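Visitor: Chains as they are written, first to last, in the numbering used here: chain F, 1 to 221; chain W, 222 to 397.
Hints should not be assumed to be uniformly reliable.
[Unchecked claim] Only part of the chain W face toward chain F is listed, based on derived beta-carbon distances under 7 Å:
(1) Lys241
(2) Ala246
(3) Val249
I should point out that these hints are in silico values taken from the structure, not numbers from a laboratory. No experiment lies behind these values; they were computed from the predicted model shown. Even glycine gets a Cβ: it sits at the ideal position worked out from N, Cα and C.
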Amino acid sequence: MSSAQQPSSGLGSVAIALRIVALIGIVVAATWAAHLIRDALDLTIMPASERQVHRAIMLGSVAYVGLLALPFVPGAEIGIAMLTPFGAAIAPLIYAATVVSMMLAYGVGRLLPISALERLLSFLRMRRAADLVKCAAPLARDERLAMLLDGAPPRTVALALRHRYLALAVSVNIPGNAVIGGGGGIMLMAGLSGIFAPVPTLVAVALAVSPVPLAVYIMGG
Amino acid sequence: MRYDELKGADVGKTMTTILKTAAFAVAVLATGAAAVTALNRDLPDFAVPAGPWQAGSDLDSRAFHVTGTVQETGAAMPETVLSFVDGQFQSSRCQVACTFGWNEYQSFTEGERIHFTATTRCPEAPFTVVWYGTVVGDEAQIAGTWTVRRWYWTHQATITAAEGSLVELGTAVSDG
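So that you can see chain F by itself, here it is in the shape it has in the complex (with noise of 0.2 Å):
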């Protein structure tokens, strides 16, 4: 490295550990809006009202995890909208509804026929979502993983595809991955892929989902 790109280097650390202090500084922000609005809600389980919510959790699941396995649809702030009332109770069912969810998507990746998919897709009128499998198409198994990483060096393309699970696993998480389809998306182009096994594809999604459940769930527990 040049002396001359020290500098730079150096900013750029000053930049990623402020990026932090936000990111860390908005986490504590948003869990206090989420106490003031479950206290504002005042949503005390009841016999008299149990039965009724439990009809909502269940219509909520079942919105969630059909949102969520969607291509440029984002369902996670259904999830964090369950969980902000309900705390810890819920945790496991919205843990176990993301994993349903970006498998559904996985499998139907993996099993329907691409072109089916795409017609299905123009179907329902998710013309972006069906752009992406059309585009995905025509490329080889490997092609169609490095289309998600579109733009980045071949190095990382390569890395990418040596530790795909890791790369799936992160992708999932990114912040903004809705510009390049949402955990829904990028499970979608997975099974499309063909190049993920649907064992090691669980665990890593299973490991990816899971912190935020994790730390509701132990926490309030």
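Starting from the known structure of chain F, arrange chain W on it as the hints suggest.
Guide: Relative to the frame of chain F, chain W by itself:
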């Protein structure tokens, strides 16, 4: 190969794919549900003190208007009237909330103090309420738990610092 044979092969392939996808979805959903149930932590019902419990009769033809607090939230529990008739027990609030009906109660007497307990279950939802109380004269001290056990969560409200005063049998509670 003839056209109709080709078409039949395509239909068969499509059906296989659909069945495979459906089987995969069912397997994923079942695994998810099983994992949630395994992670679901059970909460024990109220532990009723040991004693020479017998089929209840000591409190027959009496009713108590009860107010108290929910331990977990600190909020006031919905007021209720506990009624004792012919060895059967009913909470008016539980009856309104989930049609618990009349249930057998147990009791025993220790000097002037009458101990009672009843475990009631809602036929329409997985609710279990365990009541325990002591009655001296016209005053009652009540404790217990309401527990709901769903496949994905177990929720409990503990009744604490609840006191009851004698009222006429058949007294209704206000909506408050």
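Visitor: Are any of the numbered hints broken by this structure? If so, which, sorted upward?
Guide: When the structure is compared with the hints, none of them turns out to be violated.
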